[in-house]
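Throw the hints in and build the complete structure from the sequences for me.
Here the sequence shown is numbered in my numbering, starting from 32 and rising by one per residue.
Because the hints were derived from the structure by calculation, they are not lab data.
Result set (DMTMM-like, lysine to aspartate or glutamate): computed pairs, CA atoms no more than 20 Å apart in a straight line:
1. 50 x 116
2. 50 x 80
3. 192 x 125
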Amino acid sequence: MPSAPGVVSPTLAAALAQKSLDALAVVLVPPYERTAHTAALVQALEAVERREVEVLVVEMPPRHGKSLHTAKLFPAWYLGRRPAEHVIVCGYGDELAEEHSRAIRSFVQSPFWPFPMRLAPGSASVSRWETTEGGGLLAKGVLGGITGFGADLFVIDDPLKDRRDADSAYVRDLTWSWYLDVALTRLHAQAVQVISGSRWHEDDLVGRLLNSPAQGRVTVLRLPALAEADDPLGRPWGAALWPQRFPEAWLHDRQAQLGSRSWNALYQQRPTPPGGATGTIQISITENGT
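This is the structure we're talking about:
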């Protein structure tokens, strides 16, 4: 392994990256910016890999690193540590899922990749490929067929594409049915799940999951753009989640542009019905439904 940017010892860099998702990000995504919110996200994802969390729900605003961590870096790191296991990565469409798969493949093929695992010979398809140790990855759009491929890790990133889909009861019903009848039936024993996205609607996939009998298996990491009461990062009220990139003044301007419904849903992760604030679902970091 050659010297990674900003790292003196390649051997030390590889050893750290094998143990820490955060260290892998530093090696593979320079210049990686460590922040309080990425540290919390990394900690939660590492708990998933250790099987301390069965289902992790990540609720974050757009452009704050959600997909980079949950759907790109984490599946790569997971396969590096568990190269004989299988991963399914889904997004609202095939194009998004395959974009994630390309990123994961590029990490594995990087000269700075710290694990012995490699792509198996002949793994040319971006939608389905294998590792040299017998594991593999499948990338498919939500609502797509994934019969014939099981998962030890199932990642769903942004299951809804936009407001039109989110406001469609038909699409929400289809998405929930797909999750129950397709996604869950692909899980191996002891499999883990990561579901990430912005909360478009109070009755979206996450909303239904948290109101289902499975809610006790779910850990939720909710990180609003502007801090509220009992902030999981200990921020004061109104403090920005990533002030270096999205300062409070910028966020307040975006809030004024979007209006309360879109702002609360996409940036604060508090989806509300059209025309009012009744029925609000407010979620903090919870474990085992507590």
